[in-house]
Each structure stands twice: as structure tokens, then as C-alpha cells.
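Asks: Listed here are the chains, written in short residue letters.
Number of protein chains: 2
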Amino acid sequence: MSKKWVYLFREGNAGMRDLLGGKGAGVAEMTRSGVPVPPGLTITTEACNAYYDNDKQFPEGMWEQVLEGLKDIENQTGRKFGDPTNPLLVSVRSGAKFSMPGMMDTVLNLGLNEQTLEGLAKLTNNPRFAQDAYRRFIQLFGKIVLGVDGDKFEHVMDKAKGVHTENERQDTDLTADELAKIAAEFKKIIKKEVKADFPEDPYEQLRMAIGAVFGSWNGRRAIDYRRLNKIPDNLGTAVNVQAMVFGNMGNDSATGVAFTRNPSTGDHNFFGEYLINAQGEDVVAGIRTPQPISKLSEEMPEIYKQFVDIAKKLESHYKDVQDVEFTIEQGKLWMLQTRSGKRTGAAAVKIAVEMANEGIIDKATAVQRVEPAQLDQLLHPMLSPEVRKNNKPLTTGLPASPGAASGIVSFDPDEAEKLAGEGQKIILVRVETTPEDLHGMAVAKGLLTARGGMTSHAAVVARGMGKPCVAGAGALQIDYAAEVARVGSVTFKKGDWLTIDGGSGEVYLGNQPTVDPEMSGDFATLMSWVDEFRTMGVRANADIPRYAKVARGFGAEGIGLCRTEHMFFEGERIWAMREMIIADTEEGRRAALAKIEPYQQSDFEGLFREMDGFPVIIRTLDPPLHEFLPHDNEGMKELAQKAGVSLRKVKTRVEMLHEANPMLGFRGCRLGNIYPEITEMQARAIFKAAAKVKQEGVTVIPEVMIPLVGGISELKPQSDLVHKVAKEVMEETGVKFEYQVGTMIELPRAALMADQIAEVAEFFSFGTNDLTQTTMGLSRDDAGRFLPLYVERKIMPDDPFQTIDQEGVGQLVEMGTARGRKTRPDLEVGVCGEHGGDPASIHFFFKAGLDYVSCSPYRVPIAKLAAAHAALAAKSGEIRKDK
Amino acid sequence: MSKKWVYLFREGNAGMRDLLGGKGAGVAEMTRSGVPVPPGLTITTEACNAYYDNDKQFPEGMWEQVLEGLKDIENQTGRKFGDPTNPLLVSVRSGAKFSMPGMMDTVLNLGLNEQTLEGLAKLTNNPRFAQDAYRRFIQLFGKIVLGVDGDKFEHVMDKAKGVHTENERQDTDLTADELAKIAAEFKKIIKKEVKADFPEDPYEQLRMAIGAVFGSWNGRRAIDYRRLNKIPDNLGTAVNVQAMVFGNMGNDSATGVAFTRNPSTGDHNFFGEYLINAQGEDVVAGIRTPQPISKLSEEMPEIYKQFVDIAKKLESHYKDVQDVEFTIEQGKLWMLQTRSGKRTGAAAVKIAVEMANEGIIDKATAVQRVEPAQLDQLLHPMLSPEVRKNNKPLTTGLPASPGAASGIVSFDPDEAEKLAGEGQKIILVRVETTPEDLHGMAVAKGLLTARGGMTSHAAVVARGMGKPCVAGAGALQIDYAAEVARVGSVTFKKGDWLTIDGGSGEVYLGNQPTVDPEMSGDFATLMSWVDEFRTMGVRANADIPRYAKVARGFGAEGIGLCRTEHMFFEGERIWAMREMIIADTEEGRRAALAKIEPYQQSDFEGLFREMDGFPVIIRTLDPPLHEFLPHDNEGMKELAQKAGVSLRKVKTRVEMLHEANPMLGFRGCRLGNIYPEITEMQARAIFKAAAKVKQEGVTVIPEVMIPLVGGISELKPQSDLVHKVAKEVMEETGVKFEYQVGTMIELPRAALMADQIAEVAEFFSFGTNDLTQTTMGLSRDDAGRFLPLYVERKIMPDDPFQTIDQEGVGQLVEMGTARGRKTRPDLEVGVCGEHGGDPASIHFFFKAGLDYVSCSPYRVPIAKLAAAHAALAAKSGEIRKDK
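If you read the sequences in order, they're chains S and L.
FYI, in our numbering the residues of the first sequence are 1 to 883.
FYI, in our numbering the residues of the second sequence are 1 to 883.
The hints are simulated quantities; they were obtained by calculation from the structure and are not laboratory data.
Please note that the accuracy of each hint is not assured.
Copies of the same chain are indistinguishable here, so a pair counts whether it falls within one copy or spans any two.
What the hints assert, rightly or not - With a straight-line cut-off of 20 Å between C-alpha atoms, the simulated PhoX-like cross-links for lysine-lysine are:
1. Lys847 - Lys651
2. Lys71 - Lys4
3. Lys794 - Lys716
4. Lys181 - Lys642
5. Lys192 - Lys152
Fair warning: this is a prediction, and the values are worked out from it, not measured in the lab.
Could you build all of it, start to finish, from the sequences and the hints given here?
Replies: This is the structure in C-alpha cells:
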């Protein structure tokens, strides 16, 4: 006896996905549950693999089992495959374990030929329907099974409908005779293209269609998809053969789709639409306007009731919102498919919380039902839906920071600051941004740049500020001098209204309406459940008290990264900073630093107050000094004047500080090691602030972080200095406070030497941006020239600046953590790179045993949800946490 | 009974360095061998450690043992310590296990006071000698033991001698009375400075001197020296107390130093000098001109014969050239010290080979006797010795590439090329160099730059070309426009003669004489012995046939790195390259590449012919494309004209290719992955050249190396392409040839992913320059601003671009090698970074199990010697090789 290659729908169940594929298991489960499903059979994935092992021949006994199954279908439907008087027609669908976009499309109406066509016409008393079904079948079969270019068929259709003529008609206007002529023409095309007649034998049709499904498993698109999604090549696909039912057999027939709850809002109402006397594809094709599903209760009250019962049963069976397809054939309801319904972020939250409250699912499942990325939509203003209906975007860039914003265009940060001061809403438009533009960025409603990637300066700063940003809109040409920008032939100028959607990357001309998100009670409920399951901490990257407040509002448990350099750019401070840089002597530098210290102290006080009770990690000065200097003649003149030195001296200094590769240059702890007075001033400001707020009753936990350390010998002098200052400040103020000194791990060498570094460092924070840059030898500012092509050609699976490179960079994260904890078992280890807000990366950090992630304030809820998902996956054994 | 803290000289031997220190063990060994050594005792290193453990008190019993030993010395000399009539005087010297420059200087004549002074005068019948000895003793004791500023004593001496007056006299002109007055003044100074009388009691003097030696073990200079040289802090120092003998007791007394062979030439003759009636320091101080040692055979033939016998005995005892100090006291010869003599590279080679031929040492020892770095002197022209006698250098930069050269100054590579064509010798003087200057560098006799470090472009290229280079001469200010350079107030201009010494970094005005090195037969003999012991291969980095020939001449066993990009700069090729870069389409690029292909093929043919029988590794295009483009307006105009495009287009392209961090940018295999046609052209040129020379009878072994790979997915497409082209060329030409495709490991990620990469790569070559840059986050072009300070402050032990960072970067070398060989056990692994020519790094590469190192042609003998040293050290168990 040969192996069992074929299962009838009633023989399978939901647990047999491996063997029957997702679709096969789904219809089997529906059939088992008593839902009316047109009968059918599933050829197993094993048959597919055997087919490949067997030199692309069906394995022994398979075809015989298919014929046997077909008999069963004939018995159930009372029709006969290939019978000219009462023909059974079937659909043939692929169905792998995982839904795979690259796989074969469905072939409908298989079994039709010149004879059965007549029988169908008589049986249904509807020759036009029969001819239409025939025409569709030949077209689909020709295109999908025989591989004929689909345009050739469309061309014939267009001609028949008179497309582009005055007398253009719809598909539905074509008569039976016209359709018959079209079918004949289709057959001619096929004969010409494949040098063979269209197969008239229904069994031959079926055999070919099954072979085509098997073949599509190794089609180029399917292989690429599997590689990209890491799906093994040896799973194979199942084939589903199912009796056709017809929604286009008259006004007692219909077809439709529906969700058991509203996928847009999450409201607990049926949501969907249907068409009387139509086949499935007509609903989607928009030939006639479908009716809302509620209308069915008026038109077919009995059927509607049955449908609602079934749909509710399916929802409670699968314990999730169902997206169902149904067909009514001459007054009988058939369910064709049911699957979990895709939904918006808002709907996902509402549905998850309500289902948990209804007792359908537990809290853990509710938390798992919401994808972290979906929350992003809830945290920012959105473009009003009608905008997309009525407008085409001017251009599209990278969706660098979510949210929609409208404002008048400014190309100049100074002007933007001035206009914003006058109450104007500004969209700042720049080729790219630098830290010098920060004051303009801070006041703008949104940012648009022509250059730069998802981790460009504009993108990173915008996300930190929770401000919409479209970055790297390559088609945008900006002429600063003329204060005009151009996209193709369209121009806009300073003062024109512009709207950007940082969630989609779209840019629109004009002041387009936006809608504010509502932080509904469901959101708060969900986040409270998230916190029940989450084990990894979530902090925020925030540089000034304003953002710390936002972060705390979003539930941040401290600050994981305060970049002090951002403080140096505001207002008058930049001049003191510049004086410090051009000073020749330690005394000169100390004098300039003394001017900055009070500003820093006051900023730190603000941060500590906002983060009362939570740790605040403050990084000492990190960027290359030239970033603080003006590079244009005017700016240099101004600096010379203010600092009372010659222009020549300023120019020399700017030139001297120029670097071939600033990323690998004089920055990070190297600054503090060469100019210890900078670190000393910063430590003093931090600890004086700590002492002051502690006296106010604030619980303050400062953690001083030394950047770009490559080994213990680079960290030790800085750490010693910070400890010395702490002692001094405690003695001066008489206030004792807890504090820590730690380091960033952002160079490969630091990860390799982590055991030694941990002798001095009291905590680690992985700077995964720089660690990615150095480990991969990849500048995030420059990678734009090849990285998109690398991702497109699958040389890299993702942009490694968005999702951490687990294989490579990840090894260093694991190594650094393990080695650090070997020296200091209670070492606190976190991450403060951009990856701290990326769900896939957060899963990895959880596995690597990190204590917390830190991300921009607006991503805190997303990170928390991702952390809860990771914890739940670990609980269920789905992922394993490193020890 | 207390521990033995004190050994008489006759109780010790050469094997007791740990306990008696190097000096103590040395005099003990001499004493044991019957050499006349003034008697003495050694206080052990253990006593020093006990002193520190004992709160800086002498350990129990030590002082008593010193007194006992002193008795023995008194018995042997027949004098008595502190006896006014027949006083014993002693010297007190420090002496740790390893010679340590930071330790205490010697105190001579200890035991003198107002009473013994009189005794000494009577005993020697030489009051002036006695007064002079007393004066010296107070001065040294005051400075060294009591810590009084030495200038204060010198000031008194200067005044007495009338320095800077018309009547200025020599030390020797001072009378006994004058010296007595000086001694009295010295005592006054001491009283004022240390608030105590000068100690009159000889025992008190001895006690204090011993304490001072112990104290100097933990002086700042000693601690720094130990840290730098990785000498443990717990070794302690010994103290040697030895009876004084006097070379200044009349014309039957003398003092001198001598080498058993000539330390400058290696000639087998005594070499040294002496002074009649003088003390040791007088020989060095240059107060009187010493006599050559041969003169002693005339002046004191008996003594000379005795001295020669002893010196020869010492040489054969220690089996090495000895540097001895002796004193003749009233006709009796005393040996004071013997140690291995320092020698020049030339002498080292000659002495090692001759001693082996004489049967004194074996070949392995001969090989170990020459330091690899010493060979460098032998491979380049040197500055004639009188230059330094007669001139002060104009300025000093970094000794970037050894050898001396003179020529006329040119500031412009084009002009340099023109003048060199006319037969002029050129010194090319630039602020810094870029690949665009290459044609000028290639024709210059030497290079001088104002900026850049030991691994700057100028330095690396110069070493590759074996050309003298002084880099980063910071005091040099160059005005290109005026064609003038300035060092302080001195200027030189275009056309002036200049001489540079790349071995010392010195720059001299004028055409200074240089001497060519002789590759003596001894050198060849030594290198043949080196090859007997060496196990690791040595290849050369060479880009063109000319350098390949040089490399082969120096014994290179193949080419480890041919940088094809250097080929793109010569002559007309650069224009084709530039056309390729500004082309918009693949067709345009292919057309330009077709122009380059014949040049490349012909270069490769030349390389293969020179390296007949040896492998040649050719790296595909590596540097960022903008390095090939002109950056000045004129150059861009010329390109626009030649390529037939608009200037605007050229400018746009140049701007587009600008990168913030080119080191981490669009370069390496990224170029070949985005523009496969470049790699294809290069592979075709390589294989067509291979096929051609093979037909000529050359044994050709091409290895194609893909640069800057981060993982298998970056390597695979390039490797596949090269294999495809190889197959095509074999089919086209009908010639079969062996070849390999491998990769550079120069990114941390590549080392981490080496197991996967080795699935495709057939060989690895570590690019340790880039690996150091990325692992440490350190740009070698920019590190000059802090790296020297880092090294000075011991934050880094060495410049990691000169000697590999074993702790950090070294981990990745070991990891990459181990992981690669796990996948492919016979994987050939080498290194082609600058470290391949650095002896310390070569030791590390040997330990890491690498198959070969590759370095610039002129360093091949150095690398070979270092490799032999490593192999011999492994044989003796001194270092362990990784498996």
C-alpha cells in the first residue's frame, strides 16, 4: 500500500499545518467544526517533497488517491468531474505551512471544457455565467499554469470592451456570445504561445494544475522570500482542491468578505461587504460598489443570521478576530476561508483588551496580540484619511520619524526659530542637518531632508524629539540661495505650506488636515498588563528636562542616555564652548568651561527632578570638537570677535581639527583624557546638581558614562577623575549621594576587553550605533550609496542600523556582557543605541541577558511591549535566554 | 639565626641574577673565574623586598651581615673602613635583575670624612687626589643620597674654575686647597638644603646609601620604566658594596673601557680607550682626550697582556663580545665590570657569523644574536658620520622610512617628475601626500612631510618603495604658493639642496654626504642560517614588477599583497579610471574599463614573471572612488574635457562621492558588488596574464583577494564572478592554470564570521591596518592629535599601527584563524598589514599560527630574522604556538 498523500478536508485539523499547510489545516478545522465548507481534499507537503525527490514526477499512488478523493467530493456535491450534464468544478490552491507571497495564485473553475460548459449553462440556466466562468478559467489557467503573459489576455478583453473608445463598456456588459468569442481567442493565444492545444480533459487540467503548484515552490520569488524570511527550503507546499461554489448564479447568490470586529477601530461590530450575483474577485475589483454587510440582514435575513452565528463561532473557536470569505450559492451559505484579521494599531489594542475582558483570551495573549510596531501609530498625529484619497504625494522619502505635521516651509534654522517665535508652524527643509541646526529643528513641527538615511542626524534627532521627519527624499532639489525647492517640475518656496507624514515618508503640498491620536483607556490597560509580564527595563534617551518629562509620561524607568553635547548648542553656551576649543592653554579652557558649568548644572537639576526615583545616565562629552565650530567665514569672524582672537587663529584651529574620518578620530573619552578639565567640569556640574536636588527631597541616582572606551587604561583616568570630583562635591556641600561611573561599549575592542574594563566600570551600556559602524566597517552617514542595494540584493537581510546584526555585532554584545559579568557578576548592562527601540533587536537583547534597553521617549511603549513579548516567548520556551 | 641577606662576591655566581641582581651576579661570576675584581658584597633583592614589607626598615640581621662582609673586604684589602690611617673606601651601586635606567646612580668614595681624608692623602702621598675624591664624594652623596639639586654644586665648581671669565680653568687645574674649600662649601649647601650636617660617620654614610638604593626602586622613573617594560614590581633591587680602587693615584694608575671586538664594524680587534692617572668618569667626561687601548701595550706592556688575557677569557666565558671597565691602581689591574657589548647592525651580523665560524656559538645562537631591527641599518644608505659632528639638524620629524637621501627641494609632484626626468635628484616636500602625488613620490629620492604619522600615506608608500621618508615634521611650515618652506626663522625654497635621514627623522640643509651599505658575505651567510630555523613564510607587498624584483632579491617567497589601485594612477590610465567613475551606465563603465584592462594585464604579467614559482596575491579594487578623482577646479575641467561631459557633471559626481568617513564608506568589495564589471575586468586581466606567462614557461600561482568583506554574503557574489571569469579565460585560451580566490580579514565582523567566510574563501589574509582602525575605532590619519600623548601617558603601550595590539586586535586575529580553519583545516592564513614587517608583531603572528607574513620588500630580511627568532623561542619553550 502506498503512503497517504491525500487528506479529505474532514480528515484533517488545525494541528496539521506541517502536513496540510496553513490553508489546508484551516479549512479542515472549519469542516470539523461543522461549518459549511465546500468539500475538498488536500495533497500533503510530503507529496511535494516526494515530487522533487522523484525527478518531478508525482509519487507513487498520489494521483490515484486524488481521484479517490475527487469521488468523495462528487458524492458530497452530487456533481461529477467532467460530466457534461452535471459537472463538478474545482479550485486549486497552493498552501504552505507559512503564508508565502511568492507562491502560486488560485486557479478557479477547473473542470470546464466545451462540453461541461454547456452542462453548466443548462444546470444554472445561465449561459452568460457559464461563458464568463469559462473565459476566467482559460485566462487564469493560461497565465498561472501554462505561464502565458497575462497582458495578452487583457489586451483581448480591452479590445472587446472598447477600452479607450467612446463606447467603452464594463466586464458585466459583455454578452454570452461575446464571452464565447473571447474564450476562443484566448485558446488561440495559448496555442500560439505554448505550441499545444488548451487541455480539454478535466483530469489533465487537474494534473497540470497540481504540478504547477508543486513547481511554484521552487520559483524564484518563492525561493527569495524563503531566504529573506529564513523559511527552510524543505518544507514543501500542500495543494488544496476544493469544489467550486458560485455566488454569481442569480439574485439568490452572493459573495462577500467580513471581519468579526472592525479592523480599523476595533469596535465590536461585524464589518465587511458583499455583492449579490457576483464572484469573489468582483468584490475586490470594484466593478460594482459592494453593500455593507449589515445590509445582508435586510436582503437575506435567514442567511445573515446563519452567517453571524458561524462567524461568531469561528471567532470564539480561534479566539481572535476572523477575516472570513463566504459565498451564497442559490440560497445556501458556504464559508470559503477564515483567518486572523489584520488590524490597525488602535484596533489591535482595543480588540486585545476587550477580548481579555470578555474572557475569550487571557492577559498574556492580549499582550501578544498587539505588534510593538503597531503602537507607533497611536503615539503620533496622523494624516487624515481623506488626504490620501484626494491627493497624490509630491514625493516620498524615508519614514524616518512617525507622525504627520503641516507648516510653512523654512530652509533656514535661524529663520525657523524667528518665525516659530512669532507663532508660525514650521516645516524645516534641509539638504541634511547638522548639530548646528538644532535650534531650528527644536522649534519646527516637522523635518524634511533630501539626504540621509533612517539613522541620519535628522532622523535620530527627530525621533528623539518625537517629531515627524521624512528623510532622504532623493527627488528633492533644494536651492538655499533662491529659497526654493523642486521635485521634478513642481516647485515650492519659503513660506509655502507643506505637509509631511513621517510614518509613510509621504510629502504633500498644502496644509493638509491631520488627526490627533487618542490615548484611550484600553491603551493604558494594555500597558499595565505589559508591565506585568515584562522583565527587562526600559529607559529613554533624553537630553533635556522637556524630553525627560515626555519619557516619564510614556513610562520610561529612567534615562539611559543623556547626550550632554546637545546642551552645548543652546543659546549663548555655544560661544563659551567655542572659546574653550580655540583656547591654547588649560587656563583658557578652564575659564571658558566655567561659563558653561552653571548651564550644565541647571540642565542636570531639571533632568534629576523629572526622573525622581529613577537612574539618570549622563554621558560625558563625545563628538569631535570641530562639530562645535562654525565652518563658514561669517561664523568664524563672529567667533574671532567674541573670543577676542584673530580670524587667522580661528581658521587655523578649524583646519587643525578637520579629520579624514571623524568617526574614528579625536572624540569620546579621548577628549577627556587629553583635556581632563572638560570631564572635571561636567562631573562637577552633575554632582552639584545631584547634591542640590537631593536637598530638595528628590531621589537622585546619577550614573556618569564615559564614551568610546577601548580598554581599561582609557577608562581608568576618567573614572578616577569623576570619583575625585564626587568626593570633593560631597565634602563641599556636605550632601552624600549614591552614584556610579560606567562606560559605553561601542568599540569591538571594548567588547573583547570587557573583563578588564569591568574592573573599573560599574555599569555597561552598549552603544550599538557605533558598535555596528566599527564592527561592520560601515559609516551610517555614507552607507546610503550601497546599503539599499545590499538589502535589495539580499547581501544584508536588513539595514543593520535599524535592526541589529545579530550574527556579527550580536556576538560582541553577548561577549561583552558575558566577559563583563565574569569580572563583576552584578554588572548592570543596557543598550542605548537606536536599536533599543527596535522590536526585533529588543528580542535579541533580551536573549543576550541585558538588564534594560533605552530608546527615544516616543518609542518607550513600543520597547516595553517588545520586552513583554520576549519575556512571554521565553516563558513558553519559544526563545532561550542566555545565562 | 636570621636569613642570609648578604653574599660576598666570591659566594655568588652568574646563575643568581634573581637574588643578586645582574650586576651582583656578574661580579660574582668574574670573581669565581679568578678575574681580579676589587672585593665586595651584595645585599640581596630579598632584603629590598623585606625592607618595603618592614615599613622601610632594614630587615632583621641585615646590617649585622653587612658589617661582617665589610670585615671580609677589610681583610682582603688590608684597609679598614673609617680608619684615619689606612681607610677603606667603597662604592655603592644598585643592581636589579634587569638593567633599569631609572635606578640610582653609583656613589663612589664612600667612607671619606675629615679624618679619613687625611689618612688617604698620607697613604697615597697625594693630597690633591684625596681632596678631589672627597669633593666628588660629597657632591655625589649630596645629589644622589640626600637629593640636593646637583646644579647647586656645579655652580660652586663653575665659580671656582672661573667659567665664563677670561681665566677659566679645568677641573684638573684646581689645587688641593681650592678643592678643600669647595668641599667645605658643598657641606654648607647640604646643611642648608637638608637641614642637617653632612654625615661624618662612614657607617652612617653606608647605611644611608643602602637605604637610598632601596628607595630608588620605587622612584617615579623606575616605576614608569617597569610599567613600560612589563617588569614586575616585586623583584626588588640588590645593592653592591665594593672596595674602591683608584686609577688616579699617579702615573702608574689608569682607568679605561674596552670592547673585545669593534662594536661599530664587528672587526675582531680590541677597541677602547683609557686615561693615565684618572678616575672612571673622566674618560666619559672628555676632560682629557683618552688614548686608544692599543697604546696601553706600549705604556704598560705587562698590564696590557694581562688585560687582554682576562678580556679574552671573559669573551669566551660569556660567549659574546664583552664591554669591560678596568682600573689600574699603582700597577695592579682591577676589572670593575663586564657585560655584553652593544653594537651596530653591521657589527652584530659580522660578530655573530664569525663567532659561529670560530665555534664559540652555534648557528641558532648566531641568529638570535642579531636584533631584527638592526638589519634595517644595513639595507639603506646612511648619513655619513661626520654630518652629525659638523651640523645641527634643521628639524626632526618621525623616522618614517629608513635611509638617507639628498636632493633639491620640490613642492610639486608634477614638477618633481619633470626635473627627475632631466636627471635631477629630488626631495619631495609636501604638507601631506595623497595617491594623486604618487608619480612624484615614485621619482623622488626622499620624502618629507609636515603632517602625518608613521602610517600616513607618505610613510606607507615610502616604505613600500624602500625610499627614505621623514614624516610629520611639525615645525615645518610650507607655503605652496610661494614655493618656500620655513622652520622657525630658517627658510628654504624650491631648488635648494636638502638632506633627510629617514632612520633618525633628521632633516639637514644642503647636500650632505651619505654612505652606501655593503651587503657583505656575512649578511648572506646569516640569512641562510635564518632560513634554516624559520618556519613561517615571508612574502612582500609589491604593486609593480620593479618592486617585485627588489622583493625577490631580498628573498621574498611570493607577493602577499598587490594593491591594484596603484596601477590605476600611472600615466594615462588615471583618465580611463576617471571616465569609468563618472560614467552613468554599465556600458559606459565597461567601455572605460576596457581601456584599463591591457595595462592591468601587462602589469600582472610582469609580476608573475618576477615571481616565477611563487604565489602572487592580487587584491581587487579597494579605495573609495573619490580618491581617483581630481578635487581642484583645473583637474575637474580637464576631466570634463577628456571625458566629453560637462564640468557641472564632473563636479556633481565629485560631490556625490564625498564621504563623511571614507574609511567606513563605499569601498572594498562594496565597489565590486555594486559594479561587478570592475571585478570582472580585473579578474580577466589577471587570468589572461596567467595564461600568457604560463605559455612562456613561467610557473604562475595567482591568488585573487577580495577586500573589506564582512560576511559570506558579501564574498560569495565576488568569488563566484572570479571563478566564472577564470573558467571563461581557460576556455578562451585553452590554458589551464591553478588559482585561488580568498579574502582579506580586516573588519571585526569578518573575524567573527570567519567560519562561514571560509566556506567560500580559499585563503585568508589579515589586513591588520584596517582591522586595527575598526577594532579600536582609531583612524590612522587622524590619531596624530592624541596617539602620541596616549603613548607618552602609557594609556597605550605602543602605537598600535606600528606594533599590533595583541590584547585586543590580536584576539580577532586568533579568533579569525581558528574559526576559518575549523571550516577549512588547510586554510592558508597570512597577514599583509604594515605589522607584517614589525618584529614584535611577527612573534605574535607566529604564536597565532599564521602561515606567512607579508611586508614591504625592504623589510623582508627583517621579517625573516624575526620569524626565525620566533621559531627558536618556540623550540626552547620560551613562547607557545597556538594550535
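Asks: Now, for every hint given, state plainly whether the structure supports it.
Replies: Against the structure, the hints come out as follows:
Proximity of Lys847 and Lys651 under a CA criterion of 20 Å is satisfied in neither setting, with 50 Å inside one chain copy and 49 Å between copies. Within a single copy, Lys71 and Lys4 get their C-alpha atoms as close as 16 Å, which meets the 20 Å cut-off; across copies the closest is 108 Å, which misses it. In this assembly of identical chains, Lys794 and Lys716 lie within 20 Å of each other by CA distance solely across copies; the values are 12 Å between and 43 Å within a copy. Within a single copy, Lys181 and Lys642 get their C-alpha atoms no closer than 87 Å, and across copies no closer than 62 Å, so neither meets the 20 Å cut-off.
With identical chains, the CA atoms of Lys192 and Lys152 are at most 20 Å apart within one copy only, with a shortest distance of 11 Å there and 113 Å across copies.
The structure fails hints 1 and 4 (numbered hints given earlier, in ascending order).
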